[in-house]
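Participant: Read off the chains here:
Protein chains: 2
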Amino acid sequence: MVSAKELGERKIIQLITTCLEPMPNAPIPFGDDASAIDLGNNKLVVINTDMLVAKTDVPESMTLWQAARKAVIMNISDLAAKGTKPTAVLASLGLPENLTEEEIIEIGKGLNAGAKEYGTYVIGGDTNQAQDVTINCVALGICQSGHLIKRSGAKAGDIVAVTGAFGKTAAGLKILIANLSGPDDSGALVDSVLMPRARVKEGVALAQSQTATASIDTSDGLAWSLHELSQASGVGFCLDYLPVAVEAENFAKHHGFDPNELALYGGEEYELLVTINPQLWKKAKQAVETVGGELIKIGVATEQKQVIIKTGNGTVAVEARGWEHFKT
Amino acid sequence: MVSAKELGERKIIQLITTCLEPMPNAPIPFGDDASAIDLGNNKLVVINTDMLVAKTDVPESMTLWQAARKAVIMNISDLAAKGTKPTAVLASLGLPENLTEEEIIEIGKGLNAGAKEYGTYVIGGDTNQAQDVTINCVALGICQSGHLIKRSGAKAGDIVAVTGAFGKTAAGLKILIANLSGPDDSGALVDSVLMPRARVKEGVALAQSQTATASIDTSDGLAWSLHELSQASGVGFCLDYLPVAVEAENFAKHHGFDPNELALYGGEEYELLVTINPQLWKKAKQAVETVGGELIKIGVATEQKQVIIKTGNGTVAVEARGWEHFKT
Chain A
12 MVSAKELGER KIIQLITTCL EPMPNAPIPF GDDASAIDLG NNKLVVINTD MLVAKTDVPE
72 SMTLWQAARK AVIMNISDLA AKGTKPTAVL ASLGLPENLT EEEIIEIGKG LNAGAKEYGT
132 YVIGGDTNQA QDVTINCVAL GICQSGHLIK RSGAKAGDIV AVTGAFGKTA AGLKILIANL
192 SGPDDSGALV DSVLMPRARV KEGVALAQSQ TATASIDTSD GLAWSLHELS QASGVGFCLD
252 YLPVAVEAEN FAKHHGFDPN ELALYGGEEY ELLVTINPQL WKKAKQAVET VGGELIKIGV
312 ATEQKQVIIK TGNGTVAVEA RGWEHFKT
Chain B
12 MVSAKELGER KIIQLITTCL EPMPNAPIPF GDDASAIDLG NNKLVVINTD MLVAKTDVPE
72 SMTLWQAARK AVIMNISDLA AKGTKPTAVL ASLGLPENLT EEEIIEIGKG LNAGAKEYGT
132 YVIGGDTNQA QDVTINCVAL GICQSGHLIK RSGAKAGDIV AVTGAFGKTA AGLKILIANL
192 SGPDDSGALV DSVLMPRARV KEGVALAQSQ TATASIDTSD GLAWSLHELS QASGVGFCLD
252 YLPVAVEAEN FAKHHGFDPN ELALYGGEEY ELLVTINPQL WKKAKQAVET VGGELIKIGV
312 ATEQKQVIIK TGNGTVAVEA RGWEHFKT
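Just so you know, the sequences run in chain order A and B.
The first sequence lines up with residues 12 to 339 when you count with my numbering.
The second sequence lines up with residues 12 to 339 when you count with my numbering.
FYI, nobody ran anything at the bench for these hints, they're computed from the structure.
One or more hints might be untrue.
Since copy identity is lost for identical chains, a pair holds within one copy or between any two.
[To be verified] Dumping the calculated DSS-like pairs for lysine-lysine here, alpha-carbon to alpha-carbon at most 25 Å:
1. Lys22 <-> Lys120
2. Lys120 <-> Lys16
3. Lys166 <-> Lys316
4. Lys308 <-> Lys294
5. Lys120 <-> Lys212
6. Lys120 <-> Lys66
7. Lys16 <-> Lys66
8. Lys22 <-> Lys127
9. Lys338 <-> Lys264
10. Lys321 <-> Lys264
Working from the sequences, and respecting the hints, build out all of it.
Facilitator: If you want it as structure tokens, here you go:
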């Protein structure tokens with residue numbers, strides 16, 4: 012009898028989805044960042060649900076306020092990746108019986124803070140008894156059908172881009188979980204884990220400018236997300252630039268780590284990884300910059316279905332690994 | 012420091028909702044069976060999320076297939092209570108690392124079966140590692156604004172009605188959890204717990220006939236649901252009839268229990284409790300019967316805000332107690 016631990020999250024998802032009959036004409040196929048239902052009149056409801064379990068997803072130094080806020084943010088990030096801003100959030104709570112009144116209020120305030128940051132509201136939910144603090148959120152928004160950005164639309168020749176630099180959360184987790192010390196600017200590293208931010212403005216700007224052909228959030232790490240996008244779109248990627256956050260560079264130098272390793276194989280990072288029609292690159296970049304964001308070109312989509320990165324002397328493969336429940 | 016156990020579920024919900032800023036012009040206020048967002052054009056998305064935690068919500072003899080199916084049904088029931096049929100379901104899973112491949116597939120099949128029974132699909136979700144099997148489902152549907160049945164619309168003089176007889180789950184839980192033996196027909200009692208059914212046809216028929224003024228599902232027990240409806244609508248209820256299921260009557264007789272106690276103070280029962288404009292009673296009853304259901308008159312809504320039931324020699328108060336996490 013094979014156990015969940017031996018299977019790993021990806022295989023478990025595959026097992027479950029095999030049991031599920033797909034909705035005919037679903038606007039988004041199973042396995043994308045979010046799901047959708049067609050409302051007619053060229054409108055979709057885009058919806059996502061994600062669970063945060065204290066024991067496996069919450070570092071010890073994260074407060075319950077931060078955990079609750081993060082549970083909201085990680086759901087909103089998946090909508091952002093589809094180009095949709097959140098209209099409402101719901102939250103189901105599993106709470107241990109020894110949790111205090113103060114801790115419960117912390118959770119409530121964290122949920123509200125996460126929603127408020129993105130101009131939305133927690134409109135409902137559910138409370139249950141559980142052994143471990145469990146926060147399951149739902150985010151939903153309304154999107155014009157033509158604006159939805161799926162994982163599957165990338166074409167060879169498209170520009171691959173991201174909405175920010177990588178590596179901070181991988182370094183931050185090493186500080187928080189492995190107790191490594193950080194250099195002077197390590198506050199930003201820890202902060203990236205404890206106070207993640209979703210790229211809603213960027214996702215919506217890309218959707219409205221109709222310049223992106225595919226999109227995914229990088230919550231499972233940049234490398235894994237590249238492979239997911241590659242598989243969904245049937246293209247490969249050749250990267251020629253890897254934007255590593257300055258603070259992550261400094262941390263890597265301090266400890267003798269490879270900064271590219273931190274940037275590629277981290278996780279819990281909520282940047283968007285997108286592909287852009289090369290003829291619309293300027294328009295895309297401008298759309299994102301107009302809302303105060305940045306769009307960084309990191310490579311190009313290729314016909315050859317491999318994910319590689321150029322180095323000084325050739326190319327190396329970007330491995331298909333990243334954050335995975337049961338295995339990481 | 013007061014603990015969750017001392018607070019109880021109702022007080023916890025109150026603490027959390029106090030932290031949440033309400034969405035302006037929300038079609039359904041916080042604390043109803045489900046939530047909604049306005050789509051314009053006289054349309055709403057009605058949505059609900061509910062968590063099922065194995066240790067506290069799943070009797071030992073319930074299979075994982077049944078638990079997963081139930082997690083879907085209990086969410087669909089809340090939509091049914093608002094007069095909305097489900098368009099889609101999502102599921103977040105928290106799975107222990109020692110769960111087997113076979114058990115994971117059982118969960119997947121149970122989710123699919125629950126959705127299929129009500130003509131809908133599981134369109135997305137999430138998988139996580141957890142200490143205890145945790146199944147959080149989301150159900151959503153589209154409803155015409157004028158068809159939504161809230162908890163708050165009951166008026167004095169309205170007829171109070173239910174969609175079926177009560178008491179089976181209370182008896183079934185005594186067999187499953189307290190190991191009481193049942194009479195010959197106890198299969199139906201156990202079945203009511205393991206294979207609950209949501210009253211979607213009935214809820215939608217009432218919504219479309221525009222005959223119901225308020226509605227709630229009775230998952231926390233009939234007595235508690237009467238009090239919830241009373242509080243939300245600002246009316247009282249005087250019951251003159253309590254429909255007890257024959258199998259529950261027999262079980263009560265067998266053990267010397269009060270059958271009314273089983274019918275009023277159970278839980279995990281998914282009948283609808285509704286109030287009907289008395290002038291539209293015939294229309295409501297016919298609408299429900301046309302779809303193969305039944306609508307049983309149990310009393311009347313009153314100006315006096317108390318919930319009472321007529322007995323042979325006067326009236327007795329229906330107590331505000333029922334299923335409550337942390338306390339039951």
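Participant: Which hints from the list above does the structure break, by number from lowest to highest?
Facilitator: 9
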